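*Asks:* Read off the chains here:
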Amino acid sequence: MKDYYEIWVYLSASPLFGLTLTLVCYLIALKIYRKGGGNPLLTPVATSIVMIILVLTLMDIPYYSYFSGAQFIHFLLGPATVALAIPLFFQLKKLKTVWLPMSVALICGITVAGFSAYFIAQALGASHETILSLIPKSVTAPVAMGISEQIGGLPTLTAVFVVITGVLGAIMGVWLFKIFKITDDDIKGVAMGVTAHGLGTATSLQINQQMGAFAGLAMALSASVSAFILPFVLSLVSP
Amino acid sequence: MPFLNVITILLVYQLVGELTVREFDWPVPGPVIGMLLLLVTLLIKRPIAEQLVKPTEMLLSHFSLLFIPAGVGLMIHLTRLRDEWLAITVALLVSTVLGLLVTAWTMMLMTKLMNRSSK
Numbered sequence: 007m008k009d010y011y012e013i014w015v016y017l018s019a020s021p022l023f024g025l026t027l028t029l030v031c032y033l034i035a036l037k038i039y040r041k042g043g044g045n046p047l048l049t050p051v052a053t054s055i056v057m058i059i060l061v062l063t064l065m066d067i068p069y070y071s072y073f074s075g076a077q078f079i080h081f082l083l084g085p086a087t088v089a090l091a092i093p094l095f096f097q098l099k100k101l102k103t104v105w106l107p108m109s110v111a112l113i114c115g116i117t118v119a120g121f122s123a124y125f126i127a128q129a130l131g132a133s134h135e136t137i138l139s140l141i142p143k144s145v146t147a148p149v150a151m152g153i154s155e156q157i158g159g160l161p162t163l164t165a166v167f168v169v170i171t172g173v174l175g176a177i178m179g180v181w182l183f184k185i186f187k188i189t190d191d192d193i194k195g196v197a198m199g200v201t202a203h204g205l206g207t208a209t210s211l212q213i214n215q216q217m218g219a220f221a222g223l224a225m226a227l228s229a230s231v232s233a234f235i236l237p238f239v240l241s242l243v244s245p
Numbered sequence: 262m263p264f265l266n267v268i269t270i271l272l273v274y275q276l277v278g279e280l281t282v283r284e285f286d287w288p289v290p291g292p293v294i295g296m297l298l299l300l301v302t303l304l305i306k307r308p309i310a311e312q313l314v315k316p317t318e319m320l321l322s323h324f325s326l327l328f329i330p331a332g333v334g335l336m337i338h339l340t341r342l343r344d345e346w347l348a349i350t351v352a353l354l355v356s357t358v359l360g361l362l363v364t365a366w367t368m369m370l371m372t373k374l375m376n377r378s379s380k
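Just so you know, the sequences run in chain order Y and L. Heads up, the working numbering is the position in the first sequence plus 6, with the first residue counted as 1. Heads up, the working numbering is the position in the second sequence plus 261, with the first residue counted as 1.
Accuracy of the hints is not assured; some may be wrong.
[What the hints assert, rightly or not] As a list, the in silico DSSO-like pairs of lysine-lysine whose alpha-carbon atoms are at most 30 angstroms apart: (1) K184(Y) <-> K373(L); (2) K184(Y) <-> K100(Y); (3) K184(Y) <-> K306(L).
To be clear, the hints were calculated from the coordinates, so they are not data collected in a lab. Just so it is clear, the structure is predicted and the values come from calculations on it, not from any experiment.
Between the sequences and the hints, there should be enough to build the whole structure, so can you do that?
*Replies:* Here is the structure:
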């Protein structure tokens, strides 16, 4: 019995544990998601995060030793962001017809999504770090975390807000478009991509290809534009 | 293109992006500059894009996996979330609704304006 305990102490401190735990939980979460028929409430990221936190809490492993292994996955966010150039390149053709309405909508959407959160949280008495961390929450995670760091927020807190926003946007988007009779697939896709990044894009793809393509395009454009707009607007509202 | 070459290309672009951001002191994450530089490269040398699709498919289709480690960081923010839950919940809910509607309505309005002026 004592031997097992020693092995466990060794393993829980080695990077292998965090890395394996992340992949195993993600695969289980994917399975649950597919069984649930793609219900946005069961989005694999959210389920995996809850599972991993439960395991770590039950086994009394601190976040930092988990992250020593999980950082190998975290690191891939950088190259994956660079790789977004590839789908963006293939969708550039579609942009020719809608680029003007889309860019205006993109800039308005990014600013409103980020700064309405900023002002609401400020009015309700949230702390300075929380308010700053909320600003990039509609942008895809790697970029959002980068922006958060640049403007003085907490990147890990921003990552949490990004995931919650993605789930909320994916659920509420479908519902809001029905209530407000927004029927155009291009427009619905852009709104989803701007507000709910990758999770909005995944939901749009399930509805139809056209909406999915525009959501993906809007997400990638928003990722490159937000990094310029959000810090700039922040410098205007809080000098 | 072999995966090793592809990952090297991506890392080189990321590195150049990071160096550019540091050099000019831009408030933009390095990988975003890397992405824009790669996009420019693809526009100049179109055939490369086709070769990059397959090898990057795995990375891009499991994009959401990559933000799990950061999301688990929720653990260290539990006290903050408990103390500020009301402000955070209202801010996230309302801003998501506003973001969706403002984006959709702006695009509808702009499309209408453009159609009218082209007639």
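*Asks:* Does K373(L) lie within 30 angstroms of K184(Y) when you go C-alpha to C-alpha?
*Replies:* With a Cα-Cα distance of about 20 angstroms, the restraint between K184(Y) and K373(L) holds, given a limit of 30 angstroms.
*Asks:* Measure nothing beyond the straight line between the CA atoms of K184(Y) and K306(L); if it is 30 angstroms or shorter, mark the hint as holding.
*Replies:* Judged against 30 angstroms, a Cα distance of about 43 angstroms means the pair is violated.
*Asks:* So if I understand the rule, the pair passes when the alpha-carbon distance is 30 angstroms or less; does K184(Y) with K100(Y) pass?
*Replies:* It holds: about 25 angstroms lies between the C-alpha atoms, which stays within 30 angstroms.
Violated hint for the displayed structure: number 3, the only one.
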